[in-house]
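Residue numbers (this note's numbering), protein chains in the order written: chain A, 1 to 383; chain R, 1 to 857.
Keep in mind the hints are simulated off the structure, nothing from the lab.
For glycine and all other residues, C-beta sits at the position ideal for the given N, C-alpha and C.
Be careful, since some hints might not be right.
30 Å max Cα-Cα, derived DSSO-like pairs, lysine-lysine [said to hold, decoys possible]: (1) R:K116 - A:K311; (2) A:K362 - R:K820; (3) R:K122 - A:K311; (4) R:K440 - R:K393; (5) A:K311 - R:K305; (6) A:K25 - R:K577; (7) A:K372 - R:K8; (8) A:K311 - R:K303; (9) R:K801 - A:K90.
Just a few of them, taken from the derived set where beta-carbon distance is under 10 Å, the chain R residues facing chain A [unchecked claim]: (10) K8; (11) G10; (12) L478; (13) R808; (14) L809; (15) N811; (16) N826.
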Amino acid sequence: MSEDLIIPKIIINEINKKYSSSEAKKILKELNESYEKAKITPGEAIGVIAAQSLGEPGTQMTLNTKHFAGVAEMSVTQGLPRLIEIFDAKKEPSTPTMTIFLKEPYRDDEEAVKKIAAKILEIKFEDIMESITVNLLDFRIEAQISMESLENYALTLEDVEKTLKNIFSEEDVKVLKKGLVKITPKKEIEVIDLYKLKTKLKDIHIRGIKGITQVLPIKKTRGWIIQTAGTNLKKILLMEEVDPTKTISNNIFEVASVLGIEAARNAIIREIILTLKDQGLNVNLRHIMLIADTMTLEGMIRGVTRYGVSKKQESVLARASFEVPLKHLYNAATRKEKDELKGVIENIMINQTVPVGTGIVKLVVNEAENNKKTIKDKKKKGE
Amino acid sequence: MNDLVKEKIGSIEFRLMSPKMIQKMGVVKITTPELYDIDSYPVDGGLMDLRMGVVDPGLRCRTCGSKVKECLGHFGVIELARPVIHIKYINWINNFLTSTCRKCGRILLSDEVLRKYDEKLKNISLQKGDIDKWAFIKEIIKKAKNVKKCPHCEEEQLKIKFDKPSFFNEEGTRLTPIDIRERLERIPDNDLEYLGLNPEAGRPEWMILTLLPVPPVTARPSITLETGAKSEDDLTHKLGDIVRTNQRLYENLNAGAPEIIIEDLWDLLQYHVTTFFTNNINQIPPARHRSGRPLKTLEERIKSKEGRFRKNLAGKRVDFSARTVISPDPRIKINEVGIPILMAMDLTFPETVTEWNIKWLKKFVENGPKKYPGANYVITKEGKRKKITDETKEVVLKELAPGYIVERHLINGDWAIFNRQPSLHKMSMMGHKVKILPYKTFRLNLCVTRPYNADFDGDEMNLHIPQNDEARSEVEVLMNVINNMITPRYGLPIIGAIQDQITGNYLLTKNEVYLEKKEAINLLSSLGGFNIESLPKPKKIRDGKEFWTGKQIFSILLPKDLNFETINKSDEKVVIKKGELVEGTIDAKIIGAGKGILLQEFYTKYGPEKTSQFLQAISLLGINYLAQRGFSVYISDTDLSQELVKKIKQRLEEAENQAYEVIAKYKSNNMEAYPGRTLRETLEVKIMDILNRARNEISNIVEKNLKENPTIVMAESGARGSALNLALIAATVGQQALRGTRINKGYKKRALPHFEKEDLGPMARGFVKHGYKGGLNATEFFFHAMAGRDSMMDTGMRTPKSGYLQRRLVNAMLDLKVWKDGSVRNASGQIVQFEYGDDKVDVTKSKGGKIYEGDKK
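Produce the entire structure from the sequences given, and follow the hints as far as they go.
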């Protein structure tokens with residue numbers, strides 16, 4: 001009997017374990033029947049349904065109202081703008097964030113979490129300096145380090161001096177006791193280059209992980225997590241305190257480059273679900289999965305735009321009907337492109353049956369057979 | 001009529017058009033810019049030449065002999081006196097000129113290099129497809145461009161400068177289209193592929209036009225104004241310019257005019273031909289109509305939303321459609337639509353005459369077009385269409401025989417597609433059964449307003465009548481309302497009870513609701529088809545009178561084998577045992593549109609037909625019970641007791657004080673900023689938090705303390721409104737937001753002149769203390785209006801944005817479908833998912849994608 005079952009083996013085994021054999025048989029039969037009933041019909045235009053399922057709630061989303069629920073959560077783009085951002089496959093989200101989960105011993109220790117957070121936070125020279133000037137008289141750059149912020153970040157002047165000396169190998173770096181930094185070029189350079197040096201100094205990375213501009217430890221039911229503004233998945237995942245199985249970034253391209261395309265697919269699904277849930281909208285997972293699958297079909301992330309998914313359509317007419325039709329026509333002419341008319345929109349254009357739903361089956365009158373029958377009937381009548 | 005599809009377009013190929021082809025296509029050589037002679041008859045060899053088709057009724061096409069509408073038109077041809085560049089291929093021409101040798105015409109890369117590229121190209125097109133191949137070719141062209149010496153004939157290359165829009169200079173000397181054409185002719189076929197042109201698509205020199213195809217007259221019909229004056233199409237105007245310049249150039253060439261004049265005319269010809277193709281090139285001033293309006297030439301006809309592609313090809317105008325205002329009708333079936341009789345007499349269905357229905361159809365013909373139900377046309381076996389009039393009626397009746405088609409009026413039981421824009425869903429177009437009704441509006445059941453998102457404040461809807469049996473049966477089965485009750489978006493019924501229907505059922509099924517026999521029978525008979533014997537035993541008998549509970553009445557509508565258990569909106573258990581509502585109150589979560597779990601259970605268990613009947617019954621039960629019982633709302637419903645008013649006032653004051661405390665802290669620099677926020681932002685967050693908490697608490701207080709009254713019943717049953725709406729009316733409107741923050745803009749350092757500068761307090765920044773009923777004061781009212789305007793803007797910006805998003809989504813996914821093996825593939829057969837949704841389960845056929853919940857038992 002179990003050979004006739006089309007439901008997955010795991011479920012069959014589970015039910016067989018849980019119930020007595022007669023009961024299990026009954027349940028399995030019922031289950032099998034309802035699965036058979038629930039199966040999708042071949043030819044269903046599931047793409048359009050998925051697109052509509054995500055497009056229709058778009059009209060109900062808010063555009064720029066931020067919610068005030070969290071006392072001090074990181075503000076993240078949400079609603080329709082975020083959804084558009086995901087489908088556009090923007091290289092960098094407008095508010096990149098990471099949610100960092102920590103490993104067992106660390107996640108319940110508030111002090112440790114705060115320490116980790118401080119360690120992650122990127123500190124640039126800019127953040128610890130009070131003022132910066134270009135001293136044209138002595139032809140050098142002078143910057144005043146704020147001792148207060150140094151203390152805040154638990155840094156010492158020596159640390160700063162070390163990193164500065166490392167980077168400015170071609171210049172003479174002096175750090176005075178009161179926090180005055182003097183950088184004098186050893187070679188003769190132009191004034192413009194001196195100003196360039198100034199911007200370079202401001203941008204010097206002192207500590208932390210590049211890209212993480214803010215950190216926020218939050219207490220959740222299962223211990224502390226760290227939310228960040230700015231992402232750097234690659235480096236964060238390498239930290240030993242971090243739980244790499246849970247930690248996520250909302251930058252889909254980053255996920256793709258660090259963890260691969262399947263992870264990116266999951267990231268797209270996750271981000272869409274999060275944005276929809278936040279707006280109180282209910283969309284079945286299947287639709288979201290299908291969209292994520294089309295976006296990652298080619299092994300890289302393609303946006304739902306004329307440069308992404310729509311560019312890859314085989315049919316000239318389908319591409320032309322979407323955006324910038326003429327470009328596609330001229331290109332098609334020089335490339336001798338052939339439209340096989342396999343898609344929906346092409347067939348709509350030329351008034352032919354679309355190859356979805358009832359359009360994939362054909363009903364033909366078997367005239368030969370029909371004629372035989374009528375002849376037979378006539379013969380019968382004649383007899 | 002035989003409408004079997006006999007021929008089908010298999011594929012469409014795009015190529016360059018050769019001069020030979022143009023010559024062959026052209027049925028007439030256009031030589032004169034004149035259009036008509038004195039008798040306003042088209043001139044031979046003019047742009048309206050009768051050989052290119054006809055637009056005037058009464059004339060015949062001189063090429064094919066057919067009349068207007070029968071003749072699709074034929075191309076003409078203009079022989080250009082001097083060749084002219086096709087402006088849209090200018091980039092290709094530029095590539096050809098710069099990356100081929102000026103002497104031998106070969107590409108400026110050695111054969112060895114080419115062989116390498118050849119292999120690479122083959123690999124790319126095998127692995128990634130043709131689109132990537134062409135992207136790679138761009139790189140080859142770039143390489144070839146910078147070569148200074150031809151590797152084939154060692155000729156030194158001169159630098160060619162391209163001046164937009166269409167001039168080429170080779171180190172000072174101008175290359176005329178003749179020169180360019182000569183060079184392009186020299187490029188061997190084998191090199192073309194590396195230059196971005198498929199050699200099978202055509203020759204590069206065809207990009208320089210020597211012949212210009214003239215679109216048929218039917219593509220540019222002239223309009224006769226009321227005054228009798230003819231107004232020509234933009235294209236005709238443009239073509240006239242071309243012919244005129246061309247003729248002048250000819251004459252000057254023949255007369256041996258000086259080079260300057262010839263060159264000027266040549267450039268003019270180039271300009272006209274360019275603007276004939278597109279009138280939207282940056283470097284060229286657009287050609288204008290006499291009135292100053294830019295002409296709409298070929299490209300503008302194709303482009304954009306109003307262009308050929310999106311307006312005429314991807315969407316088409318249809319016949320047998322209707323549109324009018326909609327109005328509600330609770331007694332019409334869920335899958336019916338009421339159609340005005342006047343419309344039914346214009347909308348027809350072509351019924352083929354057979355020996356079995358000839359008698360029936362003759363009645364329609366007899367009635368003619370003016371009497372309902374009649375028929376408007378008859379189509380004979382030969383396909384001739386005959387209008388039925390009083391004069392022709394007799395003849396038609398006599399000759400009517402099997403094989404004829406009668407276009408009869410719409411009758412009850414026909415099928416129609418009903419639609420309301422914006423069509424965001426597949427449920428925006430559903431199949432309804434036709435019901436002919438008096439008056440002039442479409443009538444629809446209230447339960448289907450939800451999928452259409454319709455109301456009756458003047459909404460109009462469209463109706464389409466399928467014109468053959470195949471289409472009609474698809475409408476009846478696939479598009480039928482009752483087969484689309486479950487939305488594929490999340491698997492719950494989108495068609496369900498709404499508003500008063502929910503309230504009615506809620507009040508009816510509450511505990512301790514007893515109905516007398518008369519009441520019970522009245523109620524049940526209002527549903528129609530009720531059998532008095534199905535009334536169960538009365539629950540209570542008092543003073544010799546029989547009483548039934550509301551739950552009992554509701555249970556009559558349930559099938560006897562239904563067992564169901566769930567939780568309703570107010571977290572009560574709802575238990576149905578053997579078709580008997582044993583426990584719990586029915587509310588929006590059980591039967592409401594977009595939520596109703598009971599309806600979903602019903603649907604999977606008993607199917608669409610029974611579900612729609614059940615829904616119809618409960619919706620009528622709901623409103624009829626309300627009508628019987630009486631239900632109205634008063635302003636006093638939201639009155640609060642003195643005590644409560646005081647309490648709320650206190651809570652508000654408390655919140656205000658808290659806010660001021662925080663502000664004081666901020667002003668004295670005693671506040672700590674949240675990580676990643678400035679002090680000011682922190683303050684805003686804190687104040688917002690305090691005020692919102694206060695409002696939520698107040699809304700809870702209001703909800704808890706109001707005694708049961710109609711307004712509360714509506715909120716509680718989920719029919720309309722919520723606890724928050726009540727709080728807005730009764731207690732306080734709360735913080736008004738502008739762009740997601742408190743209102744901080746307006747005057748210098750204050751939002752309104754009524755407040756002091758730098759006042760950060762709640763009142764000064766848009767907090768509305770009063771409720772709607774109590775009335776807002778002037779500043780509050782203004783803040784409220786500001787927030788209202790802001791939300792209007794939000795809606796205004798959102799609609800086009802989400803519309804565009806949906807268009808993109810649909811375009812990207814419209815070819816995806818489930819194949820017979822359960823996999824999802826796109827138009828080219830590429831697999832997107834091996835099993836749809838990983839389990840092949842259809843959302844509409846299951847409980848939100850889950851198939852079985854037997855484990856609970």
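**Asked** If you check each hint against the structure, which ones fail?
**Response** none
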